[in-house]
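There are 2 protein chains.
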Amino acid sequence: MGEKRESTGFLIKQRAFLKLYLLTSIEKERWYGMQLLDELRESFKPFGFEPQHSEVYRALHDLLEDGILSRRKIKEEGSKYKEVAVYSIANKEEAKAYKKLVKADLDRCEQLLRKALKDNFS
Amino acid sequence: MGEKRESTGFLIKQRAFLKLYLLTSIEKERWYGMQLLDELRESFKPFGFEPQHSEVYRALHDLLEDGILSRRKIKEEGSKYKEVAVYSIANKEEAKAYKKLVKADLDRCEQLLRKALKDNFS
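Line by line, the protein sequences give chains A and B. Position one of the first sequence corresponds to residue 1 (our numbering), numbered consecutively onward. Position one of the second sequence corresponds to residue 1 (our numbering), numbered consecutively onward.
Derived from the structure by calculation, the hints contain no laboratory data. Mixed in with the good hints there might be a few duds.
As the list makes no split between identical chains, a pair holds if one copy fits it or if it spans any two.
[Said to hold, decoys possible] Taking lysine to aspartate or glutamate and the DMTMM-like style, the derived pairs with C-alpha atoms no more than 25 Å apart in a straight line are:
| hint | residue 1 | residue 2 |
| --- | --- | --- |
| 1 | 115 | 62 |
| 2 | 45 | 119 |
| 3 | 28 | 105 |
| 4 | 115 | 29 |
| 5 | 100 | 29 |
| 6 | 118 | 38 |
| 7 | 96 | 27 |
| 8 | 13 | 110 |
| 9 | 92 | 50 |
| 10 | 13 | 55 |
| 11 | 13 | 105 |
| 12 | 45 | 93 |
| 13 | 28 | 119 |
| 14 | 118 | 62 |
| 15 | 115 | 39 |
| 16 | 28 | 76 |
| 17 | 99 | 110 |
| 18 | 99 | 83 |
| 19 | 45 | 27 |
| 20 | 118 | 83 |
| 21 | 118 | 29 |
| 22 | 75 | 65 |
| 23 | 28 | 94 |
| 24 | 118 | 105 |
| 25 | 118 | 55 |
Please build the complete structure, drawing on both the sequences and the hints.
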């Protein structure tokens, strides 16, 4: 699913984390262009996490490559010529399966962090 | 403190996580050679995390470089010539300060993971 880097299984990769958020956003509403990207980044700020735009684009690209998302161009509202890209879920089953995988990893990571807090601070 | 890689502030780095565990182990008892390394790795296995030996050595090296740990060689028990390295805390204040930093980061990460579980699965 796009993650090529070798892993020792520490914590979830940023890429998978972002793909999860993209899928959930696009499930909820059609995605016009990139306007939600900044909202996404804003929402992580209080947690000290500021994903690079390039990393978010790569996550989006992965999902397109894997056939989970599709993209088409439409005329921008109120504009005669300007086009915007609209993203939607192309394969609902695969989107669901991927989210399930990521959920299992998030659960595992939460347990690993709790273990570290317990082992080192109690 | 040894972490040179640029960060977008996603989750805690493996290096910091391992340094935390090394400090706690060495606080509890003097560290003879590397026998505890494998115990450390074993304890993470149920969580799907198997740190490379090289990564653990680098964490140990960082703590020595930063003057938080010290190392000396002693004769191995029951052996006339064989030496083992013994690690101990060289700077208790700095060890404490570093652990405090890591705790804050673990807390932040736990919150970020919980947010992701809530935002995407509820």
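For each hint, the structure was consulted:
1. 115 to 62: Between copies only: 23 Å across chains, 32 Å inside a chain, cut-off 25 Å.
2. 45 to 119: Only across copies: residue 45 and residue 119 sit 15 Å apart there, 29 Å inside one copy, limit 25 Å.
3. 28 to 105: For residue 28 and residue 105, only the intra-copy Cα distance (22 Å) is at most 25 Å; the inter-copy one is 31 Å.
4. 115 to 29: For residue 115 and residue 29, only the inter-copy Cα distance (20 Å) is at most 25 Å; the intra-copy one is 37 Å.
5. 100 to 29: Within one copy only: 20 Å inside, 42 Å across.
6. 118 to 38: between (36 Å within a copy, 20 Å between copies)
7. 96 to 27: For residue 96 and residue 27, only the intra-copy Cα distance (10 Å) is at most 25 Å; the inter-copy one is 46 Å.
8. 13 to 110: both (14 Å within a copy, 15 Å between copies)
9. 92 to 50: neither (29 Å within a copy, 33 Å between copies)
10. 13 to 55: Answer is both; intra-copy 11 Å and inter-copy 18 Å each pass.
11. 13 to 105: For residue 13 and residue 105, both the intra-copy (10 Å) and inter-copy (17 Å) Cα distances are at most 25 Å.
12. 45 to 93: This pair counts as neither: shortest intra-copy Cα distance 31 Å, inter-copy 31 Å.
13. 28 to 119: Cα proximity of residue 28 and residue 119: across copies only (12 Å, versus 39 Å in one copy).
14. 118 to 62: between (36 Å within a copy, 24 Å between copies)
15. 115 to 39: Answer is between; shortest inter-copy Cα gap is 15 Å, intra-copy 32 Å.
16. 28 to 76: Only inside one copy: residue 28 and residue 76 sit 20 Å apart there, 64 Å across copies, limit 25 Å.
17. 99 to 110: For residue 99 and residue 110, both the intra-copy (16 Å) and inter-copy (19 Å) Cα distances are at most 25 Å.
18. 99 to 83: neither (30 Å within a copy, 52 Å between copies)
19. 45 to 27: Within one copy only: 23 Å inside a chain, 35 Å across chains, cut-off 25 Å.
20. 118 to 83: neither (53 Å within a copy, 34 Å between copies)
21. 118 to 29: For residue 118 and residue 29, the Cα distance is within 25 Å only across copies (18 Å; inside one copy 40 Å).
22. 75 to 65: within (24 Å within a copy, 59 Å between copies)
23. 28 to 94: Answer is within; shortest intra-copy Cα gap is 16 Å, inter-copy 48 Å.
24. 118 to 105: Both ways: residue 118 and residue 105 sit 20 Å apart in one copy and 14 Å across, limit 25 Å.
25. 118 to 55: For residue 118 and residue 55, only the inter-copy Cα distance (22 Å) is at most 25 Å; the intra-copy one is 33 Å.
Checked against the numbered hints above, the structure violates hints 9, 12, 18 and 20; every other hint is satisfied.
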